[in-house]
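A.B. asks: Listed in order, the protein sequences are those of chains D and H. Counting from 1, one number per residue, gives the positions in the first sequence under full-length UniProt numbering. Counting from 1, one number per residue, gives the positions in the second sequence under full-length UniProt numbering.
Wrong hints could be hidden among the right ones.
[Stated by the list, open to error] Have a look at the derived ranges for each label pair, beta carbon to beta carbon:
#1 D:A122 with H:G210: 45 to 53 Å
#2 D:A25 with H:R57: 28 to 36 Å
#3 H:A47 with D:L144: 27 to 35 Å
#4 H:Q44 with D:A68: 38 to 46 Å
#5 D:Q162 with H:W173: 18 to 26 Å
#6 H:N129 with D:S176: 30 to 38 Å
#7 H:A47 with D:T166: 24 to 32 Å
#8 D:L169 with H:Q44: 25 to 33 Å
#9 D:E14 with H:Y108: 44 to 52 Å
#10 H:G210 with D:R69: 15 to 23 Å
#11 H:A47 with D:D143: 31 to 39 Å
No lab work stands behind these hints: they were computed from the structure. Quick caveat, the model's predicted, so the values are computed rather than measured. Backbone N, C-alpha and C fix where the C-beta goes; we use that ideal spot for every residue, glycine too.
Number of protein chains: 2
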Amino acid sequence: MRAIFEQELGQVGEGLLQMARQVQAAVRDASTALETADLQLAEQVIAADDAIDTIERELDERCVTLLARQQPVATDLRVIVSGLRMSASIERMGDLARHIAQVTRMRYPEHALPDQARELFAELATAANGVAANVVALLENHDLELAAAIEREDDVLDTLHQRTFTTTLADNWTGSVPQTVDVTLLARFYERFGDHAVSVAQRISYLVTGDLDVTTSD
Amino acid sequence: MRAIFEQELGQVGEGLLQMARQVQAAVRDASTALETADLQLAEQVIAADDAIDTIERELDERCVTLLARQQPVATDLRVIVSGLRMSASIERMGDLARHIAQVTRMRYPEHALPDQARELFAELATAANGVAANVVALLENHDLELAAAIEREDDVLDTLHQRTFTTTLADNWTGSVPQTVDVTLLARFYERFGDHAVSVAQRISYLVTGDLDVTTSD
Numbered sequence: 001m002r003a004i005f006e007q008e009l010g011q012v013g014e015g016l017l018q019m020a021r022q023v024q025a026a027v028r029d030a031s032t033a034l035e036t037a038d039l040q041l042a043e044q045v046i047a048a049d050d051a052i053d054t055i056e057r058e059l060d061e062r063c064v065t066l067l068a069r070q071q072p073v074a075t076d077l078r079v080i081v082s083g084l085r086m087s088a089s090i091e092r093m094g095d096l097a098r099h100i101a102q103v104t105r106m107r108y109p110e111h112a113l114p115d116q117a118r119e120l121f122a123e124l125a126t127a128a129n130g131v132a133a134n135v136v137a138l139l140e141n142h143d144l145e146l147a148a149a150i151e152r153e154d155d156v157l158d159t160l161h162q163r164t165f166t167t168t169l170a171d172n173w174t175g176s177v178p179q180t181v182d183v184t185l186l187a188r189f190y191e192r193f194g195d196h197a198v199s200v201a202q203r204i205s206y207l208v209t210g211d212l213d214v215t216t217s218d
Numbered sequence: 001m002r003a004i005f006e007q008e009l010g011q012v013g014e015g016l017l018q019m020a021r022q023v024q025a026a027v028r029d030a031s032t033a034l035e036t037a038d039l040q041l042a043e044q045v046i047a048a049d050d051a052i053d054t055i056e057r058e059l060d061e062r063c064v065t066l067l068a069r070q071q072p073v074a075t076d077l078r079v080i081v082s083g084l085r086m087s088a089s090i091e092r093m094g095d096l097a098r099h100i101a102q103v104t105r106m107r108y109p110e111h112a113l114p115d116q117a118r119e120l121f122a123e124l125a126t127a128a129n130g131v132a133a134n135v136v137a138l139l140e141n142h143d144l145e146l147a148a149a150i151e152r153e154d155d156v157l158d159t160l161h162q163r164t165f166t167t168t169l170a171d172n173w174t175g176s177v178p179q180t181v182d183v184t185l186l187a188r189f190y191e192r193f194g195d196h197a198v199s200v201a202q203r204i205s206y207l208v209t210g211d212l213d214v215t216t217s218d
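Produce the entire structure from the sequences given, and follow the hints as far as they go.
C.D. replies: Quick look at the structure:
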């Protein structure tokens with residue numbers, strides 16, 4: 001089963017990996033642009049998202065062509081269907097990195113983040129970078145340890161997301177209303193980024209082990 | 001082409017329609033629960049989301065079985081692949097209705113919405129109900145006028161979503177920080193609800209006309 005999986009995934013895997021690498025760069029640069037109020041870097045992330053979307057469409061076409069030409073059954077079929085699902089998740093991760101960059105651009109030359117939230121967002125960035133790196137590595141070598149690591153890092157993102165609520169609702173919160181709005185949305189973008197990575201991790205795990213544990217992301 | 005589409009979509013269409021009808025009820029009830037701070041109704045929406053998720057999984061299995069057994073090509077194949085995509089979008093619409101209900105539950109017995117935001121959210125609810133009804137109708141009869149109506153209603157949701165920013169950032173905004181956070185997230189849930197509906201509308205349009213205009217939702 002593993003052999004068939006490796007062979008079939010090879011046909012869609014390259015596109016997924018290409019997307020995942022670009023998403024890794026996007027979320028890294030989006031976080032840096034947010035931390036440093038770097039308009040040029042934010043613009044670059046926003047512009048680069050088109051390339052991710054283009055790969056997604058090509059990948060989808062390739063999957064449909066594979067389905068039509070190879071008439072696959074059983075595992076091969078599931079690999080391709082999973083490829084379609086994963087491409088949607090990774091594309092969405094790219095959108096979320098772009099959203100982070102868009103908030104940075106909107107507030108420039110101001111910093112979107114008030115000082116009180118900077119440490120929290122440094123931690124969110126670290127966790128998101130870890131998630132993105134592990135998605136790339138998981139697509140490269142299908143090591144299920146990486147899938148487990150992604151789930152753990154997603155838990156970290158969820159906890160940090162919750163902490164933004166306690167931060168903005170604390171008595172000592174001095175952020176303005178726009179800062180409160182930005183912090184609320186930015187933290188949600190990071191949290192969703194993790195959810196989509198978990199979805200990819202679960203689909204890869206399923207393909208490797210045959211054990212479906214795909215809870216819906218929320 | 002239309003005949004093949006009708007025939008093939010019939011095989012996955014019933015599940016999609018079932019999901020869309022449940023989403024229609026979910027977003028209606030979630031909005032009512034939000035407006036009236038109705039805990040019981042909010043709980044009901046949250047509990048009912050599991051049923052939508054279950055239909056999605058069954059539908060996905062059915063699509064994969066169809067692919068394996070019928071070895072479809074060309075249009076038939078695209079119908080099934082689109083079915084997989086649409087089930088993910090509709091499932092996500094259900095999640096967003098659940099999120100609205102979860103905010104209501106979290107703030108109960110308080111109202112999540114301050115008075116200043118109530119009219120705006122009444123308009124968001126009306127637009128979301130319109131979107132949900134048109135997704136159901138579009139899946140029933142594939143009338144492309146409905147797809148166009150969904151895009152227009154999504155524009156309304158986008159405009160209302162933008163208006164929540166001008167509302168919370170206005171000098172006369174007296175909402176507390178938790179209310180600002182809630183309003184920010186709730187409006188985003190409605191806005192994303194519309195995006196997923198547009199994605200469904202575009203896939204149906206593509207199947208009917210063969211003209212792909214699927215921009216990525218964001």
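A.B. asks: The structure should be examined with respect to each hint, and the outcome stated for every one.
C.D. replies: Outcome of the hint check:
no.: 1; hint: D:A122 with H:G210: 45 to 53 Å; in the structure: holds, 49 Å
no.: 2; hint: D:A25 with H:R57: 28 to 36 Å; in the structure: holds, 34 Å
no.: 3; hint: H:A47 with D:L144: 27 to 35 Å; in the structure: holds, 33 Å
no.: 4; hint: H:Q44 with D:A68: 38 to 46 Å; in the structure: holds, 43 Å
no.: 5; hint: D:Q162 with H:W173: 18 to 26 Å; in the structure: holds, 25 Å
no.: 6; hint: H:N129 with D:S176: 30 to 38 Å; in the structure: holds, 34 Å
no.: 7; hint: H:A47 with D:T166: 24 to 32 Å; in the structure: holds, 27 Å
no.: 8; hint: D:L169 with H:Q44: 25 to 33 Å; in the structure: holds, 28 Å
no.: 9; hint: D:E14 with H:Y108: 44 to 52 Å; in the structure: holds, 50 Å
no.: 10; hint: H:G210 with D:R69: 15 to 23 Å; in the structure: holds, 20 Å
no.: 11; hint: H:A47 with D:D143: 31 to 39 Å; in the structure: holds, 38 Å
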